[in-house]
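Can you join these two chains into the complex? Each is in its own frame, and there are hints to help.
In order, the protein sequence lines correspond to chains C and Y.
Sequential numbering of the first sequence, starting at -14, is according to our numbering.
Sequential numbering of the second sequence, starting at 28, is according to our numbering.
Think of the hints as simulated: they come from the structure by calculation, not from any bench.
Each residue gets a CB set at the ideal place from its N, CA and C atoms; glycine is no exception.
Any given hint might turn out to be false.
Stated by the list, open to error - Partner residues aside, some chain Y positions facing chain C, computed with beta carbon under 7 Å: (1) 144; (2) 148; (3) 150.
What the hints assert, rightly or not - Calculated cross-link-like contacts (lysine-lysine; reagent style BS3-like; alpha-carbon spacing at most 27 Å): (4) C/81 - C/161; (5) Y/158 - C/8; (6) Y/149 - C/81; (7) C/77 - Y/149; (8) Y/149 - C/8; (9) Y/120 - C/8; (10) Y/120 - C/82; (11) Y/158 - C/10; (12) C/161 - Y/149; (13) C/76 - Y/158; (14) C/10 - C/76; (15) C/10 - Y/149.
If you want the building blocks of each chain, they are given just below.
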Amino acid sequence: MSETVDVSRGLPAHPERATLEGKNKFVGFWVFLSGEVTMFATFFGTYLGLRNGTAGGPEAADLFHMPLVFIMTMILLTSSLTSVIAITAMKKNQFKKMKLWMWITFFLGVAFLGFEIYEFVEYVHYGLGFSTSAFASSFYSLVGLHGAHVVFGLGWVLLLLIRYNRAGITLTNAPKFYMFSLYWHFIDVVWVFIFTVVYLMGIGGG
Amino acid sequence: MSSTQRRKDRIIVDDPWDGRALEWATHTPVPEYNFAQVPQVRSLDPLFYEKIHGDGKMKPTEPLGDIHMPNGSFLPFMIALGSFIAGFGLIMKHMDAWINPYFVVVLGLLVMFGSMAVRSWKEDHGYHITKENVEAMEREALADERNR
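Only chain Y is shown next, with the shape it has when bound in the complex (with noise of 0.2 Å):
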């Protein structure tokens, strides 16, 4: 299949299935910022209540500005895996390995904590997409929609 095939045949509908919950009342696919606005919620399955009592969509919270994104980090897996060789050494005590099994779990923990604290210390502020931005991306999200 060519890129431009799968490119046709993605699924760019909304709301495909009819849904209740809030996944499916934000675009398809998912910007990166999730909601342009945070959406307010008046009930357990926000999106079905709108379409009952409402209108079908999210009601805003809040006006449209710039959005503050997290940046991309490697950090978060560090930490899963030092937590990962620390229990396995764990385990490791009854496995006659080679290698001594409090050196897995130290060194497990040395790198668990080690990217917890390198986290703290580099200052990462992350970024804003500006509501310019915001406001295109959100533009071409609609006329995808309707261009189906």
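This is chain C alone, in the form it adopts within the complex (with noise of 0.2 Å):
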């Protein structure tokens, strides 16, 4: 029950959860990831049906450009990889290193959305607009809703970076850099799956 944590010799090695709070988090979070994988199910399954509805506007076979997106997929991947060892540097008690490795998330995060908006104005000039079809708009909708997820991941590690720029890791925010790196992987999970089912199906025909 009490929350007392010995760090007189140091941090323990999991602070993230060595408190009750930082345990607390760790199940709330799962239950809300779980909720997410939902959300987007259901946007997977209308894009699976409305793929073929593409009402005499353009096709994905048309739209779709491998180099770009396969560039998207390789620099969100790397981005789940600096965090991972952003955490394993906290672990470590090292908060330097872990700064260093979450900005450089942070800026990997910003790369890919830039591609993203650049693709969506790509289409917009192909005449695909977010009503010209049923595969225009549930494509919009499950692309734009990972984007929108890159976008608050975004935002949230901004704001720990700054909140916590000089706070040295402590059992307070070391949860919630954690979360942030859990959160961080689902949305690559996500665009894993979006690459297979949206991009490599799109361009296969499948």
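Have a look at this one:
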């Protein structure tokens, strides 16, 4: 029950779940992620049901440009890796190293987001508006929802990095950084599914 | 009705309906910490189970100690309010209102995510009810029950 953790000899090995509050956050965040999985599943289902309804507008195979999507995938996968490095540094109480890798994660996320915006602008130029066809609406909803999650995640980590810029790693902020990294992995996993279901199947004509 | 009368008429029996579930296992009125010790749950109807197989009281899972409590906060209300405003803005598209619906959506989202950010920024560690105070409140609740 009590929150007393002895920090006189440095941080515990797992600062993110050394306190009751940290542990509770852990459980709560997994519950949140399971809700997110369900939400994304409905958007994937909608897309799979409607992706052939192009209504004479542009089709997936006309639009998708593999090199761009491949670069985006690599950027997001790398940002997941850098967040792992940051969390490993956090567990070793190396605050500066954690901050550096979290900033790298942030900027990789920004790069990903930039490519995604560029991609959407290109598609609009090709004549794929949000309400052009059922394919267009479900595509923009699914990929746009993922993009909105990236925006939220970037705002989140930016807030944490500014707030705890000089705080060092504490039992209060360690769970917060850890929850962000969980969220970021989730975003990454969703993208892997988007890459497969939307882009690979779109180009492969599956 | 005078306030003394109302106080007299207050129901202070702990388990007036011979209940089955946890909410009847604590005192009435419910203390701010709910349970002085987290009860051990041995069934889907834990209190009923204890009445049949035990002595009718929940067994504690921990020794009596200080209880950590969260501080009151209006931020959850602001998050909900922002969510409501944003949702209302989305259905305003067909209302032909005097205000641009996108403005309402953006305002709502700012209030919602802004409140979340404030909640994250402010480290609110809550407070503790000391073991002595918990014991005193428990004694008072038991005395209330007996004097009924």
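**Study point:** Hints breached by this structure
**Key:** 9, 10, 13
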